[in-house]
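Got chain B sorted already, so can you dock chain A onto it with the hints?
Number of protein chains: 2
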Amino acid sequence: MSSAPCVAIVGVTGAVGQEFLRVIEQRNFPFSELRLLASARSAGKPLTFKGKTYKVEELKDTSFKGVDLALFSAGGSISKQYAPIAKDAGVAVVDNSSAFRMTDGIPLIVPEVNPQDMKHLKLGKGCIIANPNCSTIIMLVPVTPLHRAATVKRMVVSTYQAASGAGYAAMMELEEQSRQVLVGQTPVCKIFKQQYAFNLFSHNSDMQPNGYNQEEMKMLKETHKIWSDNKPRITTTCVRVPVMRAHAESINLEFEKPLDENDAREILRKAPGITLIDDRASNRFPTPLDASGNDDIYVGRIRNDISRDDKKGLDLFVSGDQLRKGAALNAVQIAELML
Amino acid sequence: MSSAPCVAIVGVTGAVGQEFLRVIEQRNFPFSELRLLASARSAGKPLTFKGKTYKVEELKDTSFKGVDLALFSAGGSISKQYAPIAKDAGVAVVDNSSAFRMTDGIPLIVPEVNPQDMKHLKLGKGCIIANPNCSTIIMLVPVTPLHRAATVKRMVVSTYQAASGAGYAAMMELEEQSRQVLVGQTPVCKIFKQQYAFNLFSHNSDMQPNGYNQEEMKMLKETHKIWSDNKPRITTTCVRVPVMRAHAESINLEFEKPLDENDAREILRKAPGITLIDDRASNRFPTPLDASGNDDIYVGRIRNDISRDDKKGLDLFVSGDQLRKGAALNAVQIAELML
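Read top to bottom, the protein sequences are chains B and A.
For the record, in the first sequence the residue sitting at position 160 is 599 according to the working numbering, with numbers rising by one throughout.
For the record, in the second sequence the residue sitting at position 310 is 749 according to the working numbering, with numbers rising by one throughout.
I should point out that these hints are in silico values taken from the structure, not numbers from a laboratory.
Be aware that a few hints might be false.
All copies of an identical chain are treated as equivalent in the list; a pair is satisfied when it fits inside any one copy or across any two copies.
What the hints assert, rightly or not - Each computed BS3-like pair below joins lysine-lysine, with the alpha-carbon atoms no more than 30 Å apart:
1) Lys709 <-> Lys632
2) Lys592 <-> Lys558
3) Lys670 <-> Lys696
4) Lys629 <-> Lys558
5) Lys491 <-> Lys632
6) Lys564 <-> Lys519
7) Lys751 <-> Lys696
8) Lys558 <-> Lys660
9) Lys489 <-> Lys696
10) Lys499 <-> Lys561
11) Lys660 <-> Lys564
What you are looking at is a predicted structure, and each value in this text was computed from that prediction instead of being measured.
If we strip away everything but chain B, and leave its shape as in the complex, we get (with noise of 0.2 Å):
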């Protein structure tokens, strides 16, 4: 492939299919041509980028032909039944449904982690690439710097869960029924079960007889995935919160070797994709608005976990953007190492 690649969305609508398009713009992305998939009720659409209009296209299984690329957020269903379509037609896609995540063979990437488990994957030829969940990639882009440096054993993490990983009608209804309260009025919940503003909630995805949720299973077994290692022990509680766009996590780490937190904040400093904020003085550490809008993970309350006297623990509080790292840019990053 010497020139630049044509380009498939699919789910371009959606809350991450929109910001694959800004994560284009922003990062130059180069495209021959641009197709812009949907479902039937958005076909017609027209949507301007970068000058140009263009219009939404029904999804289907002729979409794909001269199509070199698709990034594909329109939901596991959707995924299962046209990824393998878009694969034999030659195309390089990178789905960020959980459709394929654990499926042997398709590589699950965050390309801080492990780029090297896509290395024989190029645009030119057919392949499927799973971007990780959400809540997986923000905690392993600063976890995974500090596992390299002292082996993690166990992980407690507790996340704060933003509006946006249940797609734009979440978000819509967070603003919504924040308005409703605010005037006395009973908020009406038609995504999640329970009223959303000003309250906070179990994630919302199905539970397991063990106990926990989706969610929290995902975080376990993709990390095992992507670390290519099943020793970590890892127990998560996923929380949703009133927040627009950005993921917050407590990580309780336990590690194989001390690590003093020093070395932690110098590590973390050097390590791509990370911001930090640790201010003690002013007591300023990452927030969801910190995050919001903006690429990098951003990392704080790096200190030495004070229930343990070995040095071989750490508590930190990380914040990354969910629809930014958490998909789209993390799935553009992924495209980005096969050009």
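Frame of chain B, contents of chain A only:
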């Protein structure tokens, strides 16, 4: 003391002060006389309670004459100044501030946990009893019965704390900022240094040199005092979330002995002050709105920690009203133990 006590409320115009009145009314707490005390700024303000109108009086050295019981919630410096004066005047003081919590000889009480630590104290004799930090109370009501069953070795806790913990003005700031954000205005920060609406941040209490903030250190030290046991290791991460008046906590427990999740659930079902919401089938677990305005600590997500094979670990998610069990209710329950 045969007749009902003369009761003073110090800081009656604050969020906890107002909740003291509600709890006293709802529990039909006996009183022969009620004195509503606050700063000079609020003096003269009329307050209607149980159909009678009271005038708020300015808190002075002479305010405690004839008072049997005083409930204080006017901040640490007011407590430091006036609680000893009240005690010397023969008043039994229940203090909601942090002023005396760690003072030797002053009991720190959660009635469901350590009522024995105040059994030598009765109305009619001057004393000070400290009410623990809200996050500590909300954690210990559910964790103590599990600790008694299997002995907590280590806890990793992340909090989701409401506005009310920072007072009435903080609740108003959250509401006002939410309105501002929803109409596209820049939110005004007065109580907190950072935007609170649709955001969250590390707890605003002062940071210690060890990288933990005061709130986190309170949860550790107060637990040791309340349990009369310094052995359990505790690390906490305290976070302020845009919720009005109930805290939530994600709690990971490591035990000396194995504890099956079903046994844990039965223990919690029978424990005082707890309501279980642990419905995996319909993904329904405790939320701050469940707890708001209610007395119990709501407990759910009870599951054996998947990061361990020995059943010596458990995860829970709890929520409790910060103004009630986290403050006013617990203080009134302490007072009831002295009746």
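Tested hints:
no.	hint	verdict
1	Lys709 <-> Lys632	between (43 Å within a copy, 29 Å between copies)
2	Lys592 <-> Lys558	within (28 Å within a copy, 45 Å between copies)
3	Lys670 <-> Lys696	both (15 Å within a copy, 23 Å between copies)
4	Lys629 <-> Lys558	neither (43 Å within a copy, 52 Å between copies)
5	Lys491 <-> Lys632	neither (40 Å within a copy, 42 Å between copies)
6	Lys564 <-> Lys519	within (19 Å within a copy, 74 Å between copies)
7	Lys751 <-> Lys696	both (6 Å within a copy, 23 Å between copies)
8	Lys558 <-> Lys660	within (22 Å within a copy, 51 Å between copies)
9	Lys489 <-> Lys696	neither (50 Å within a copy, 63 Å between copies)
10	Lys499 <-> Lys561	within (24 Å within a copy, 79 Å between copies)
11	Lys660 <-> Lys564	within (28 Å within a copy, 61 Å between copies)
Hint compliance for this structure: hints 4, 5 and 9 are broken, all remaining hints hold.
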